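**Student:** Okay, here's what each chain looks like letter by letter:
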Amino acid sequence: KAGVTQTPRYLIKTRGQQVTLSCSPISGHRSVSWYQQTPGQGLQFLFEYFSETQRNKGNFPGRFSGRQFSNSRSEMNVSTLELGDSALYLCASSLGATSGRYREQFFGPGTRLTVL
Amino acid sequence: AQSVSQHNHHVILSEAASLELGCNYSYGGTVNLFWYVQYPGQHLQLLLKYFSGDPLVKGIKGFEAEFIKSKFSFNLRKPSVQWSDTAEYFCAVFKGAGTASKLTFGTGTRLQVTL
Chain C
1 KAGVTQTPRY LIKTRGQQVT LSCSPISGHR SVSWYQQTPG QGLQFLFEYF SETQRNKGNF
61 PGRFSGRQFS NSRSEMNVST LELGDSALYL CASSLGATSG RYREQFFGPG TRLTVL
Chain S
1 AQSVSQHNHH VILSEAASLE LGCNYSYGGT VNLFWYVQYP GQHLQLLLKY FSGDPLVKGI
61 KGFEAEFIKS KFSFNLRKPS VQWSDTAEYF CAVFKGAGTA SKLTFGTGTR LQVTL
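Residue numbers (our numbering), protein chains in the order written: chain C, 1 to 116; chain S, 1 to 115.
Just so you know, not all the hints are guaranteed correct.
Subject to a maximum C-alpha distance of 27 Å in a straight line, what follows is the list of computed DSSO-like cross-link-like pairs (lysine-lysine) [said to hold, decoys possible]:
no., chain 1, residue 1, chain 2, residue 2
1, S, LYS49, S, LYS71
2, C, LYS57, S, LYS49
3, S, LYS58, S, LYS102
4, S, LYS102, C, LYS57
5, S, LYS49, S, LYS102
6, S, LYS69, S, LYS58
Derived from the structure by calculation, the hints contain no laboratory data. Everything numeric in this text was worked out from a predicted model, so none of it was measured.
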């Protein structure tokens, strides 16, 4: 079974621009979560989508948004980029049931975003 | 607020030394616990997990972890590390139900194994 895929793998943008990152979950997984990974903060939860609806959200400004399509693929958008948005953005998929066991998450390789 | 603490930020060990990485979380009740590993240049992989039952959990590559509910801890151990264990290790706790549930990560421990 193919793993979680993320595109693009690397991205360079300038301040003020916007960016869209894409994530394709493992086949059959209905939940997609996004995380921001930085050296100082570790992995910070951005949001989770399940069946095209945002199910949970972390403490990030409204510039960070996402969506999920009917095939469970998800996109994350960051508008008005700031230097501090430079990070590795990780996507994780899970089966999506509310029981903890089925929330086990499988991670993609990430998108490395650099904001200049 | 939920928090997960990993007190060792950077650990340097010689090959064959024993490893113990600490993980503590700040809330009670039912939790699901995970250790993930991120090898250099690779994506995050699940090392082991605890949902219920035997508090001593065995994972891949000879790693194990012990859940001690009274201490809110889930420490990772390995009796003899190898150079290939050089990586960053993250403890994670899943708590809550429905829309209030989420996976919270610790800040990670960078393990460097020297030959």
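**Student:** Decide, hint by hint, whether the structure agrees.
**Tutor:** Okay, the hints, checked on the actual structure:
Restraint check: the Cα-Cα separation between LYS49/S and LYS71/S comes to about 18 Å, which is no more than 27 Å; the hinted pair holds. Only pairs whose Cα atoms come within 27 Å are accepted, and LYS57/C paired with LYS49/S is accepted, the gap being roughly 24 Å. This hinted pair checks out: LYS58/S and LYS102/S have alpha carbons roughly 24 Å apart, not beyond 27 Å. This hinted pair checks out: LYS102/S and LYS57/C have alpha carbons roughly 9 Å apart, not beyond 27 Å.
For the hint linking LYS49/S to LYS102/S, the alpha-carbon distance of about 15 Å falls within 27 Å, and the restraint holds. Proposed proximity of LYS69/S and LYS58/S is supported: the alpha carbons are some 17 Å apart, at most 27 Å.
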